[in-house]
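Novice: Each chain is listed here by its residues.
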Amino acid sequence: MLFRTEILKIKHNFILWLIVTATFLVPLLTTLDFIDHAKDVIASHSDPWPLFWKEAIKGFTVFVGPLVIIMTTCMYMNIEHKYNAWKYLLTLPLQKSTVYVNKLLMALLLLSLLYVLFLLFFFLDGILLGLAFPQMGFLHHQPDIGGIFYLAGRTWTAFLGILAIHFWLSFRIKNMFINIGIGLTGICIAVLLFRKMEQAVYFPYIDGLLTVFYQYPGQHLFAKNEIYSLCVFLFLTLLSYFDFTKRFRG
Amino acid sequence: MERSPNSIIETVNLNFGFSEKEPLLKNLSLKVEKGAIYGFLGPNGAGKTTTIRLLLGLLQEPAPSITLFGNRLTENRIPILSRIGSLIEQPSLYEHLSGRDNLEITRTIRKTAPERTNEVLALVKLTDVAHKKVKTYSMGMKQRLGVALALLSNPDLLILDEPVNGLDPAGIIETRELLLRLNKELGMTIFLSSHLLSEIEKMVTHVGIINKGTLIFQGTLEELKQINRNAHIVQIKTSNNLSAGLLLEKKYPVARKEQHLLEVPFENKEQVAAIAKLLMAAGLDIYLLAVSGRDIEHTFINFIAENNR
Ligand SMILES: Nc1ncnc2c1ncn2[C@@H]1O[C@H](COP(=O)(O)OP(=O)(O)OP(=O)(O)O)[C@@H](O)[C@H]1O
Ligand SMILES: [Mg+2]
Chain A
115 MLFRTEILKI
125 KHNFILWLIV
135 TATFLVPLLT
145 TLDFIDHAKD
155 VIASHSDPWP
165 LFWKEAIKGF
175 TVFVGPLVII
185 MTTCMYMNIE
195 HKYNAWKYLL
205 TLPLQKSTVY
215 VNKLLMALLL
225 LSLLYVLFLL
235 FFFLDGILLG
245 LAFPQMGFLH
255 HQPDIGGIFY
265 LAGRTWTAFL
275 GILAIHFWLS
285 FRIKNMFINI
295 GIGLTGICIA
305 VLLFRKMEQA
315 VYFPYIDGLL
325 TVFYQYPGQH
335 LFAKNEIYSL
345 CVFLFLTLLS
355 YFDFTKRFRG
Chain B
4 MERSPNSIIE
14 TVNLNFGFSE
24 KEPLLKNLSL
34 KVEKGAIYGF
44 LGPNGAGKTT
54 TIRLLLGLLQ
64 EPAPSITLFG
74 NRLTENRIPI
84 LSRIGSLIEQ
94 PSLYEHLSGR
104 DNLEITRTIR
114 KTAPERTNEV
124 LALVKLTDVA
134 HKKVKTYSMG
144 MKQRLGVALA
154 LLSNPDLLIL
164 DEPVNGLDPA
174 GIIETRELLL
184 RLNKELGMTI
194 FLSSHLLSEI
204 EKMVTHVGII
214 NKGTLIFQGT
224 LEELKQINRN
234 AHIVQIKTSN
244 NLSAGLLLEK
254 KYPVARKEQH
264 LLEVPFENKE
274 QVAAIAKLLM
284 AAGLDIYLLA
294 VSGRDIEHTF
304 INFIAENNR
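These protein sequences, in sequence, are chains A and B. Count along the first sequence from 1, add 114, and you get the number used in the numbering used here. Count along the second sequence from 1, add 3, and you get the number used in the numbering used here.
Hints may be right or wrong, so weigh each one.
[Said to hold, decoys possible] Derived lysine-lysine pairs resembling DSSO-like cross-links, with alpha carbons at most 30 Å apart:
1) B:29 with A:360
2) A:201 with B:114
3) B:135 with A:201
4) A:125 with B:29
5) B:135 with A:196
6) A:196 with B:138
7) A:338 with B:215
8) A:196 with B:253
9) A:288 with B:24
10) B:136 with A:201
11) A:288 with B:215
12) A:201 with B:260
13) B:114 with A:196
14) B:260 with A:125
15) A:196 with B:128
16) A:196 with B:187
17) A:125 with B:135
18) B:260 with B:215
Rather than coming from a laboratory, the hints here were simulated on the basis of the structure.
Extracted from the complex, chain A is given alone in its bound form:
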């Protein structure tokens, strides 16, 4: 019930535009890159899907990756701050734990929506490329759907850590730009650490990049950074849950 109202709240909101634009642009840029290098792709006479996917998911983790995830989380949580609505929400006959759980589920749903739309645009662009450039071979090969979903799932997990960080900050910090600024700082540090990535597993902002640039394609079910991100998520979510239910008062 409450969840339905959370969905209603993002209607007419910039969040949806951001999600659609970001997930549309990344496969589009990959596609343009493929058109640019059409000759090479055709000359290789091989299955184009793995390369197309590799480039697209790299683009996703770099461009959509931390930043858009942080922005959607912050903007979504900011709705209550912006309209002075925490004080109202918390005077409705609701358990605070219910409010928390619904907010978190919605943040996770938005994260998943980024993936759903990204995959949708990705496959669509692949098919369009196949139609426009039959020699590229997009329509003659089957994409490895299982592998694609597997890697997508792993990066999804690798992003949970930063989601938990910014979810917590977003009900504690009224000004979402401070929250996003913290995220940007984290991303900049991640970029600086890029060459020493392997040792930087414990810096949550790098976990998503690690999966695609270092652990790709992993043989194991989950790489170290993904498990670490999941632990950060569980630990911080537990703490922010108690902070919200016991101490947060709007």
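Given the coordinates of chain A, work out where chain B with the ligands should sit on it, guided by the hints.
Specialist: Just chain B with the ligands now, kept in the frame of chain A:
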């Protein structure tokens, strides 16, 4: 502690401060009876909103001292909140959504019947603009939507923080009539705050006056008016009001008004005669000696002034 079952809101020596060092509310003992329209009055910063936030559990009381519907707030938050409709300061409205969507959110959470949305829209006269985004609403329309949200679940108790703030005279009258009707027809108990007595004088049955976190008056409107009847002033103009003021000041609390008009409160007509004699004995010509009662707003302001002294 004996508690009459009739009181809907009761606080017993409620203390609160945002920091340890500075207490804000001091031994606040409110009592709002069933069926009352209770006006909670006080100047800016007196602690009205803070009190309301405490009543709704948005701030934590240091010791359990708040009882609503005869139950302790700390232990019965959810059942108590389900019987209250509230509006605190600026209404919390999702401005990117329509008025109707805003109501739908609350209606869904409170699990009220679907037709209630249209009913409350009609009650606050927003039916025609219900489909428009709230960011296009005027301040008065937002305030009315806030009231509609509070009314949605047909609550037993309405807690409204400055509900007529930002409304034009017609809006004030409409809101007043709406609240009176809800009170009469449905027996809703209403607790509302204001910093102007005149705004709410025509609807309240009871008044509580808070100043600097202390309750300085609590009683029926009738009782407040009775105090008012005992308070009168005499306005004075003489050939030399400067020296007249200095002279009277020795014995009376003199207020200086524009154009050198002096105002002196008095309790009986003998005092008026005494004032006249005093002025004449000092050789001053009296041009004006007008006796008048104060309006009730004055009594309220006076209460606060005396409390501040
Ligand atoms: N979150 C807060 N932290 C610290 N002090 C606060 C906080 N909220 C309010 N105050 C202080 O508490 C005092 C009482 O504020 P409150 O909002 O209760 O006044 P009010 O009676 O509602 O006034 P108004 O008529 O202006 O609405 C003020 O001095 C205010 O500065
Ligand atoms: Mg206030």
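Novice: Please list, smallest to largest, the hint numbers that this structure does not respect.
Specialist: Of the numbered hints given earlier, those the structure breaks are 4, 7, 8, 12, 14 and 16, listed in rising order.
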